[in-house]
Amino acid sequence: PTSVVSMLMATMKLLLLTTTLLSWSHAFVTRPTKHMSTHLNAVSKKDSYSITLLPGDGIGPEITEATKTVLGRLCQRFDFTLELKEALIGGAAIDACNDPFPPESLEQCQASDSVLLACIGGYKWDNNPRELRPESGLLKMRSSMGLFANLRPAKVLPQLLDASTLKREVVEGVDVMVVRELTGDVYFGTPKGIETRADGQRVGFNNMIYSESEIDRIARVAGDVASKRGGKLCSVDKANVLDVSQLWREVVTEVITKDFPDIELSHMYVDNAAMQLIRWPKQFDTIVCGNIFGDILSDEASMLVGSLGMLPSASIGEDGPGVFEPCHGSAPDIAGEDKANPLAMILSAAMMLQYDLDRPEEAAVL
Numbered sequence: 050p051t052s053v054v055s056m057l058m059a060t061m062k063l064l065l066l067t068t069t070l071l072s073w074s075h076a077f078v079t080r081p082t083k084h085m086s087t088h089l090n091a092v093s094k095k096d097s098y099s100i101t102l103l104p105g106d107g108i109g110p111e112i113t114e115a116t117k118t119v120l121g122r123l124c125q126r127f128d129f130t131l132e133l134k135e136a137l138i139g140g141a142a143i144d145a146c147n148d149p150f151p152p153e154s155l156e157q158c159q160a161s162d163s164v165l166l167a168c169i170g171g172y173k174w175d176n177n178p179r180e181l182r183p184e185s186g187l188l189k190m191r192s193s194m195g196l197f198a199n200l201r202p203a204k205v206l207p208q209l210l211d212a213s214t215l216k217r218e219v220v221e222g223v224d225v226m227v228v229r230e231l232t233g234d235v236y237f238g239t240p241k242g243i244e245t246r247a248d249g250q251r252v253g254f255n256n257m258i259y260s261e262s263e264i265d266r267i268a269r270v271a272g273d274v275a276s277k278r279g280g281k282l283c284s285v286d287k288a289n290v291l292d293v294s295q296l297w298r299e300v301v302t303e304v305i306t307k308d309f310p311d312i313e314l315s316h317m318y319v320d321n322a323a324m325q326l327i328r329w330p331k332q333f334d335t336i337v338c339g340n341i342f343g344d345i346l347s348d349e350a351s352m353l354v355g356s357l358g359m360l361p362s363a364s365i366g367e368d369g370p371g372v373f374e375p376c377h378g379s380a381p382d383i384a385g386e387d388k389a390n391p392l393a394m395i396l397s398a399a400m401m402l403q404y405d406l407d408r409p410e411e412a413a414v415l
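For the sequence shown, the positions run 50 to 415 when the working numbering is used.
The hints are simulated quantities; they were obtained by calculation from the structure and are not laboratory data.
Where a beta carbon is used, it is the ideal one built from N, C-alpha and C, also for glycine.
Heads up, some of the hints might be wrong.
Stated by the list, open to error - With a straight-line Cα cutoff of 20 Å, these simulated SDA-like cross-link-like pairs (lysine to any residue) come out:
id, residue 1, residue 2
1, K287, Y236
2, K95, A145
3, K388, A212
4, K134, E114
5, K204, V219
As the list claims (entries may be wrong) - The following label-pair restraints were derived from C-beta to C-beta distances:
id, residue 1, residue 2, range
6, K388, T302, 44 to 50 Å
7, I258, E114, 37 to 43 Å
8, R217, S262, 41 to 47 Å
9, I383, I327, 26 to 32 Å
10, D368, K331, 19 to 25 Å
11, E221, D348, 30 to 36 Å
12, L291, E114, 43 to 49 Å
13, K388, D128, 41 to 47 Å
Full structure from sequences and hints, please.
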């Protein structure tokens, strides 16, 4: 009967997904050790957590449901509770209340122990004014929640070696973490805008700006992350031509040499870093950079593994909940067709357990 065939197919899909997760369980999560620092965790370990789910747009609701199923099994195994409550963001929020990140969603996120985001965006909203685009909701969330540090791992998995566009000997063994500053730089600097000058010509402008305190805090996160990995940190800037990068290099050097003396610190111009990530990516362990440089380099590093759609990310603040999300987009062209792979969101949930919920053992299992 058709119903029996459907059940068998569903069971086979679940077994395949479980096998994949088990084989990749240590790929993106640091294994717990007795010396592990916990000052990136938003809450202490407890029996029950409040989690806000942001399904967003496109394939978001589908991969959210798959992730909920896996987290439910994990909770049963380790005898703890995740209270999952959904909220609106992106295009779904625009359609529902004409705001890409409404106040109600912000309030719920801030009251949670952590936030798990699927994906946002779609062709439907591409021609909206900037303030009514899904991406504006993402920027608003990061700014309002103080999410200044973005962690983007790029570890080449044996199963995806042949999927990379680079030679096997170049990418095999690559394990890079990009630490990107999220709330400063040219994306948020003012003044900015488009205006008409006296000669009648329109001019667009943005301000690339960083304060010493903003650089200091991202440098400390990068130092902490590097200390848990291979102990090497490369700071990326453009100090040969940009004043803001000169300050960046000075502050990063001071913080790392003073407070993380065991870290091997190096500096690299962003154009060279972009080239070196392709030429010989295994030279990098942890990379720290500003917002716009990190936006570009983290996507480049992600493609070393052969698929952006398999990678998780974390956005962390000084206090309060972090936001954990896949690196991929909303893929509206396959939404609702049961074709989306939920792996990146499930691995993002593993990062949530690691960095926000103080559950490193459960994160490693997931």
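Check each numbered hint against the structure and report the violated ones by number, ascending. 2, 10, 11, 13
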